[in-house]
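Engineer: Just so you know, the protein sequences line up as chains A and F, in that order.
Under my numbering, the first residue of the first sequence carries the number 1, and numbering increases by one thereafter.
Under my numbering, the first residue of the second sequence carries the number 1001, and numbering increases by one thereafter.
Hint data in this document are derived by calculation from the structure and do not stem from the laboratory.
You may find that some hints are simply not true.
[Stated by the list, open to error] The list that follows gives simulated cross-link-like pairs (lysine to aspartate or glutamate, EDC-like), each with its CA atoms no further than 20 Å apart:
{"hint": "1", "chain 1": "F", "residue 1": "LYS1149", "chain 2": "A", "residue 2": "GLU68"}
{"hint": "2", "chain 1": "A", "residue 1": "LYS76", "chain 2": "F", "residue 2": "ASP1156"}
{"hint": "3", "chain 1": "F", "residue 1": "LYS1149", "chain 2": "A", "residue 2": "GLU74"}
{"hint": "4", "chain 1": "F", "residue 1": "LYS1100", "chain 2": "F", "residue 2": "GLU1228"}
{"hint": "5", "chain 1": "A", "residue 1": "LYS87", "chain 2": "F", "residue 2": "GLU1199"}
{"hint": "6", "chain 1": "F", "residue 1": "LYS1216", "chain 2": "F", "residue 2": "GLU1228"}
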Amino acid sequence: MRLYDGGKIIAGLVIFIGLLTFPIWWNHGGEKSIPNPEKPKNGSTECVKDVEYMRTTHMKLLNDWRDEVVRDGERKDLVIQGLTYEKSLQNGCMKCHASKKKFCDECHDFTAVKPYCWDCHIQPEETT
Amino acid sequence: MDVKRRKFLKIAGLSAIAGVGAPSALNMLFKGEVQASGGHAQEPAHGAAVQSGKRYGMVIDVKKFDEHPALVQKCIDACNSTHNVPQFPNPKDEIKWIWKETYEHAFPEHSHYKKNDKIHDLPFLILCNHCDDPPCVRVCPTKATFKNKDGIVMMDYHRCIGCRFCMAACPYGARSFNWRDPRGKDEHENPFIKKTNPEFPTRMRGVVEKCNFCAKRLKMGLQPACVEVCAEQKAMIFGDMNDKNSEISKVLREKFTIQRKPTVGSNPSVFYII
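Construct the entire structure; sequences and hints are all you get.
Structural biologist: If you want it as structure tokens, here you go:
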């Protein structure tokens, strides 16, 4: 068997495979550290829902809160296990999770999602 | 197989009719069943808010503002700082929640042959009228603006796509579009929002914004920010107009008030005493 124009074909294949695997080797060795969640610095250990739910479904919870507060005017604070929470990202969540960098960005960067919350909502001042 | 051309055409025609007709026939049958079992229960109109029975309104006593001219700016500043309203240097970019206007601009429909000279100098505070039949809500393609159950015309900035239909529809010019990023800075590095209120969000470039009758403050049991700062002079009266015993109802019964552009038929909730 003879491979006609072997040089061109093999060079072409190498370029093709290189392009195909571009995302893999482009991101390889990047400084993408695996998120390392921590409890909030103010010592609170409880949240409005359990950790598992919050990790997977916090975006839905926030959307539901938004609709309840803005659309239906249900702005009453939530009382869960004796603790009061304001139904608000800016004035609720961030009161405990005081660092956007740690609490939001670490995972969002890792999973490459870019929510637009902070285009309007005001993030707490980073203390560290 | 030996099929005559004539026979083939017959079969093909019949199957075509059956193929097209059968689904719709079945559909009709099933629909008929559903209707028979489900009756004619009417769904509530899409998007219609459940009414709380409240209708918030405001009376602005222009005489009081004439007596205390400093109050005008105080009200405007109170609103701007509460809601992070940006101050753009170019008047074409201006964002207005509550602002000062002359009589001619506020009430263009009122014709006078000879009118009191004084009236031209009166400071009229203008804000969203929170109409009972708001034209802006009717035109919004995303339901970003809507009337809530307390009669307040609200905006959900998450949904606003910046089409500006509402600005075209509003007969009162009460809506402003963010042509620029409100969080930006001017050429002298001064931020457009002088001092940010950390309790309230800003807006982003490309959305429309307007007065929200301080919906959040109302739920906290407070009066709107502008009403609060002129409470001493009672220059603005705010309350539920559906409550017969509220102060605003009393004032509306006792005093002669006018609304802006009543012929538009939008039924504003802001009234002026001149």
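Engineer: All hints, please: hold or fail.
Structural biologist: Each hint, compared with the structure:
Under the criterion of a C-alpha separation no larger than 20 Å, the hint pairing LYS1149(F) with GLU68(A) is consistent with the structure, at around 12 Å. Among the hinted pairs, LYS76(A) with ASP1156(F) is consistent with the structure: their alpha-carbon atoms are about 18 Å apart, no more than 20 Å. For the hint linking LYS1149(F) to GLU74(A), the alpha-carbon distance of about 11 Å falls within 20 Å, and the restraint holds. Restraint check: the Cα-Cα separation between LYS1100(F) and GLU1228(F) comes to about 18 Å, which is no more than 20 Å; the hinted pair holds.
Note on LYS87(A) and GLU1199(F): the hinted pairing holds, with a Cα-Cα distance of about 13 Å set against a maximum of 20 Å. Our distance criterion of 20 Å between C-alpha atoms is met by LYS1216(F) and GLU1228(F), whose separation comes to about 14 Å.
Taken one by one, the earlier hints all hold for this structure without exception.
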